[in-house]
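Number of protein chains: 2
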Amino acid sequence: MQEEIKIKNWLQENREKGIRFLQRLVQEGSTRGNESSAQAIIIEKCRKLGLTLDIWEIGENKLLEHPVYRSDRKDFTGNPNVIGVLKGTGGGQSMILNGHIDVVPEGNRKDWHQDPFSGLLEDGKIYGRGSTDMKGGTASLLLAMEAIISLNIQLKGDVIFQSVIEEESGGAGTLATVLRGYRADGAIIPEPTNMKLFPKQQGSMWFRITVKGRSAHGGTRYEGVNAIEKAMLIIKALNELEKMRNAKINDSLYQNIPIPVPINIGKIQSGQWPSSVPDIAVIEGRIGVAPSETMAKVEQELEDCLSQLAKSDEWLRNNQPKIEWFGGRWLPGNLEVDHPLMTTLKTSFEKVKKEKPIIEASPWGTDGGILSTVGNTPVVIFGPGTTEAAHDVNEYISVDAVFIAAEIIALSLLEWCKIDS
Amino acid sequence: MQEEIKIKNWLQENREKGIRFLQRLVQEGSTRGNESSAQAIIIEKCRKLGLTLDIWEIGENKLLEHPVYRSDRKDFTGNPNVIGVLKGTGGGQSMILNGHIDVVPEGNRKDWHQDPFSGLLEDGKIYGRGSTDMKGGTASLLLAMEAIISLNIQLKGDVIFQSVIEEESGGAGTLATVLRGYRADGAIIPEPTNMKLFPKQQGSMWFRITVKGRSAHGGTRYEGVNAIEKAMLIIKALNELEKMRNAKINDSLYQNIPIPVPINIGKIQSGQWPSSVPDIAVIEGRIGVAPSETMAKVEQELEDCLSQLAKSDEWLRNNQPKIEWFGGRWLPGNLEVDHPLMTTLKTSFEKVKKEKPIIEASPWGTDGGILSTVGNTPVVIFGPGTTEAAHDVNEYISVDAVFIAAEIIALSLLEWCKIDS
Numbered sequence: 001m002q003e004e005i006k007i008k009n010w011l012q013e014n015r016e017k018g019i020r021f022l023q024r025l026v027q028e029g030s031t032r033g034n035e036s037s038a039q040a041i042i043i044e045k046c047r048k049l050g051l052t053l054d055i056w057e058i059g060e061n062k063l064l065e066h067p068v069y070r071s072d073r074k075d076f077t078g079n080p081n082v083i084g085v086l087k088g089t090g091g092g093q094s095m096i097l098n099g100h101i102d103v104v105p106e107g108n109r110k111d112w113h114q115d116p117f118s119g120l121l122e123d124g125k126i127y128g129r130g131s132t133d134m135k136g137g138t139a140s141l142l143l144a145m146e147a148i149i150s151l152n153i154q155l156k157g158d159v160i161f162q163s164v165i166e167e168e169s170g171g172a173g174t175l176a177t178v179l180r181g182y183r184a185d186g187a188i189i190p191e192p193t194n195m196k197l198f199p200k201q202q203g204s205m206w207f208r209i210t211v212k213g214r215s216a217h218g219g220t221r222y223e224g225v226n227a228i229e230k231a232m233l234i235i236k237a238l239n240e241l242e243k244m245r246n247a248k249i250n251d252s253l254y255q256n257i258p259i260p261v262p263i264n265i266g267k268i269q270s271g272q273w274p275s276s277v278p279d280i281a282v283i284e285g286r287i288g289v290a291p292s293e294t295m296a297k298v299e300q301e302l303e304d305c306l307s308q309l310a311k312s313d314e315w316l317r318n319n320q321p322k323i324e325w326f327g328g329r330w331l332p333g334n335l336e337v338d339h340p341l342m343t344t345l346k347t348s349f350e351k352v353k354k355e356k357p358i359i360e361a362s363p364w365g366t367d368g369g370i371l372s373t374v375g376n377t378p379v380v381i382f383g384p385g386t387t388e389a390a391h392d393v394n395e396y397i398s399v400d401a402v403f404i405a406a407e408i409i410a411l412s413l414l415e416w417c418k419i420d421s
Numbered sequence: 001m002q003e004e005i006k007i008k009n010w011l012q013e014n015r016e017k018g019i020r021f022l023q024r025l026v027q028e029g030s031t032r033g034n035e036s037s038a039q040a041i042i043i044e045k046c047r048k049l050g051l052t053l054d055i056w057e058i059g060e061n062k063l064l065e066h067p068v069y070r071s072d073r074k075d076f077t078g079n080p081n082v083i084g085v086l087k088g089t090g091g092g093q094s095m096i097l098n099g100h101i102d103v104v105p106e107g108n109r110k111d112w113h114q115d116p117f118s119g120l121l122e123d124g125k126i127y128g129r130g131s132t133d134m135k136g137g138t139a140s141l142l143l144a145m146e147a148i149i150s151l152n153i154q155l156k157g158d159v160i161f162q163s164v165i166e167e168e169s170g171g172a173g174t175l176a177t178v179l180r181g182y183r184a185d186g187a188i189i190p191e192p193t194n195m196k197l198f199p200k201q202q203g204s205m206w207f208r209i210t211v212k213g214r215s216a217h218g219g220t221r222y223e224g225v226n227a228i229e230k231a232m233l234i235i236k237a238l239n240e241l242e243k244m245r246n247a248k249i250n251d252s253l254y255q256n257i258p259i260p261v262p263i264n265i266g267k268i269q270s271g272q273w274p275s276s277v278p279d280i281a282v283i284e285g286r287i288g289v290a291p292s293e294t295m296a297k298v299e300q301e302l303e304d305c306l307s308q309l310a311k312s313d314e315w316l317r318n319n320q321p322k323i324e325w326f327g328g329r330w331l332p333g334n335l336e337v338d339h340p341l342m343t344t345l346k347t348s349f350e351k352v353k354k355e356k357p358i359i360e361a362s363p364w365g366t367d368g369g370i371l372s373t374v375g376n377t378p379v380v381i382f383g384p385g386t387t388e389a390a391h392d393v394n395e396y397i398s399v400d401a402v403f404i405a406a407e408i409i410a411l412s413l414l415e416w417c418k419i420d421s
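Residue numbers (UniProt numbering), protein chains in the order written: chain A, 1 to 421; chain B, 1 to 421.
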């Protein structure tokens with residue numbers, strides 16, 4: 001098909017420009033609450049592409065009362081969601097292209113070889129927090145659309161580009177798009193899959209466990225109960241629970257994943273004074289939810305695990321650890337492996353890469369759970385970044401991968417939305 | 001002796017007034033950096049007693065360059081040390097009466113039955129952070145002095161009352177008194193010994209251990225190394241070190257102490273995000289130093305323990321945990337059990353209590369280490385509070401104990417400084 005060759009050529013010719021765009025996007029470090037300057041770059045690009053813009057600060061449409069909404073963020077002022085629609089001529093299938101603009105904190109700055117928001121290009125990689133998760137993916141989406149628009153290819157179906165906030169905290173941004181009425185016949189989310197196709201996605205939930213101790217002077221620590229010691233018992237029990245839960249997973253899509261549904265201990269805080277026995281410890285983490293599981297069942301399993309532990313420890317029996325299901329939660333996604341959207345993506349992949357794609361289940365939650373469950377939109381996760389680089393120091397994205405993903409996505413749009421010739 | 005009966009009577013007659021004074025002192029919560037309003041009450045009392053006042057903000061006399069100085073506090077402005085001297089007529093032995101005004105943080109406010117700085121009197125106890133450690137003791141000192149002054153008893157030796165800051169952080173306040181020239185033939189520090197005599201005191205040091213992990217997305221936590229898990233290995237190793245060190249203690253003064261020189265894990269901080277594998281964990285704690293040990297030896301033992309641990313773990317071998325000896329350190333104290341100061345206190349104790357005192361070694365560091373080692377002043381720790389209540393929620397002091405301690409201290413002053421009759 002002539003259009004496919006044109007797209008390949010356009011992407012080659014516009015490589016420099018595409019790289020500069022992604023670098024600028026990475027340089028605007030968009031950690032939670034600081035998304036606006038990166039969104040400004042997105043808005044500028046959408047405007048240049050002639051997309052119909054919808055820019056709004058989320059919170060309306062009873063977002064905060066929705067059962068899936070679990071954010072602990074109170075204020076979205078100044079940090080909008082952005083949607084740019086490329087209206088089709090009619091008669092084709094619509095497609096949502098969804099990327100989140102928020103990035104996780106940079107961690108320990110000293111461990112970065114360069115500024116965490118440098119956007120440095122070196123050996124074919126662009127470095128910086130958010131490069132792989134998922135500004136590289138967002139760049140692929142916009143390059144695909146820009147190629148189609150620049151080449152004057154008319155699509156029949158609508159393409160709805162979304163740059164959302166709050167994915168890393170549980171998807172309030174994408175939930176807001178659904179409540180605002182955005183749905184489609186299919187959706188691609190270019191999270192860092194390392195070019196694999198993920199029709200199924202692990203869900204996940206955040207938990208906070210608070211355990212008490214009894215304070216005392218450190219010099220007579222035997223008069224107190226150290227909350228850190230009790231927190232260690234809980235962490236051990238959670239490790240055991242993780243083992244047990246993963247032993248039961250037999251979905252073949254997970255066969256190459258060392259721990260299909262991990263329990264991550266992400267944070268611990270305890271104590272105020274080196275010479276005092278700490279009287280309270282707070283653990284925060286995330287537990288994975290298998291595509292076939294419900295959130296409620298997983299909550300129950302973790303709660304049962306702690307009740308069981310408390311039986312074996314006199315102090316915990318009398319001072320039950322408290323669990324809160326706070327902040328982020330990502331619904332699992334569960335698309336059939338042979339859904340037409342999968343076929344479209346597989347075909348495009350094979351055309352561009354001359355090989356079959358790897359099909360797996362994602363090891364993490366994405367906004368795909370909300371789009372498919374609440375928005376009733378079939379979702380495939382497919383993107384150029386790598387999970388290994390995501391959330392790590394010296395996060396990077398391969399420039400080649402960004403452009404190959406852009407080409408595969410562009411070809412999928414031609415196939416899915418149909419060309420009006 | 002007639003004066004002894006007079007003192008007993010005076011204390012009985014002035015019980016109400018003494019209680020109110022202690023309540024006011026507790027109500028002025030004097031955590032680190034907020035000592036001034038409690039010191040104001042001390043200053044007012046010293047002025048009423050006609051003592052020669054010396055009030056100064058510490059930091060002069062090369063305090064910060066002194067090898068024993070290890071505070072991490074930079075600014076002492078507005079929170080002075082206070083000394084009030086009762087000049088003797090000459091020919092007697094001098095006595096320092098030393099109490100610290102700083103209190104540790106109140107911990108979890110919700111666990112307190114009442115405001116942590118209520119000063120509430122209930123069932124013969126006064127409640128509040130600092131009541132037992134050691135404003136109750138300070139009240140005993142001032143009651144003893146007030147009784148003697150009010151009864152017009154002239155002493156030959158000087159009595160040097162000291163209300164110092166920074167004891168809970170390593171003794172910069174008392175070090176400043178020594179560098180300012182205050183020394184004496186003996187000293188009593190009424191830390192919460194539960195009316196036991198402590199000629200020997202455990203020293204202690206604060207440590208901070210920083211251990212690295214490698215961050216990753218929590219959904220693929222197996223790609224990272226969790227710093228909290230590594231911190232747990234370190235805590236376990238410190239527990240083992242504590243066992244080993246305590247197995248070697250054979251001083252009979254420690255025979256009733258479950259853990260003579262404890263290692264307390266006082267604080268842990270790790271992680272920024274529930275869905276990320278944390279890449280750094282920081283542990284803070286204190287390690288006890290036996291009266292017969294040097295600080296240098298104990299530092300070496302802890303450092304060796306971590307080196308040993310690192311050998312058994314590949315990650316730690318390549319990412320050696322870092323130890324800092326920061327903030328507070330308290331020199332151990334080591335007075336002979338048959339020193340004349342001990343004899344004086346024992347005699348007074350037996351007169352008042354009609355029983356023999358219990359003699360032990362303190363389970364915690366005090367300013368006695370600095371007074372005896374740097375200030376060359378023999379020190380006994382003896383006070384009305386209890387170690388169990390110190391640093392705990394619902395800290396309290398027995399009013400009876402405060403008045404009995406005051407009587408014992410007053411009688412000791414008569415004996416030590418001699419009456420000029």
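There may be inaccurate statements among the hints.
One copy or any two copies: either way a pair holds, since identical chains are not told apart in the list.
DSS-like, lysine-lysine: derived pairs with alpha carbons at most 27 Å apart [said to hold, decoys possible]:
(1) K125 with K243
(2) K236 with K322
(3) K110 with K322
(4) K17 with K311
(5) K356 with K17
(6) K17 with K243
(7) K311 with K236
(8) K74 with K356
(9) K311 with K110
(10) K110 with K74
(11) K110 with K156
(12) K248 with K311
(13) K125 with K248
Worth flagging that the hints you see were computed from the coordinates, not collected in a lab. Predicted model only: the values in this text are computed from it and were never measured.
Each hint, compared with the structure:
1. Taking the shortest alpha-carbon separations for K125 and K243, neither the intra-copy value of 36 Å nor the inter-copy value of 51 Å comes in at or below 27 Å.
2. Proximity of K236 to K322 under the C-alpha cut-off of 27 Å is found in both arrangements, the shortest distances being 16 Å within a copy and 25 Å between copies.
3. Only between protomers do K110 and K322 lie at most 27 Å apart by alpha-carbon distance; the minimum there is 15 Å, versus 35 Å within a single protomer.
4. Taking the shortest Cα distances, K17 and K311 never come within 27 Å of each other, neither inside one copy (62 Å) nor across copies (50 Å).
5. In this homomeric assembly, K356 and K17 never come within 27 Å of each other (Cα to Cα): the closest approach is 30 Å inside a single copy and 89 Å across copies.
6. Taking identical chains as interchangeable, the C-alpha atoms of K17 and K243 are never at most 27 Å apart, the minima being 47 Å within one chain and 64 Å between chains.
7. Taking the closest pair of Cα atoms, K311 and K236 come within 27 Å of each other both inside a single copy (15 Å) and across two copies (23 Å).
8. For the identical chains of this complex, K74 and K356 are neighbours neither inside a copy (45 Å) nor across copies (64 Å), given an alpha-carbon limit of 27 Å.
9. For the homomeric pair K311 and K110, the shortest alpha-carbon distance between copies (25 Å) is at most 27 Å, but the shortest distance inside one copy (43 Å) is not.
10. Taking CA atoms no more than 27 Å apart as the test, K110 paired with K74 passes between copies only; the shortest distance there is 25 Å, against 31 Å inside one copy.
11. For the homomeric pair K110 and K156, neither the shortest alpha-carbon distance inside one copy (50 Å) nor that between copies (63 Å) is at most 27 Å.
12. Only within a single protomer do K248 and K311 lie at most 27 Å apart by alpha-carbon distance; the minimum there is 25 Å, versus 35 Å between protomers.
13. In this assembly of identical chains, K125 and K248 lie within 27 Å of each other by CA distance neither inside one copy nor across copies; the values are 38 Å within and 58 Å between.
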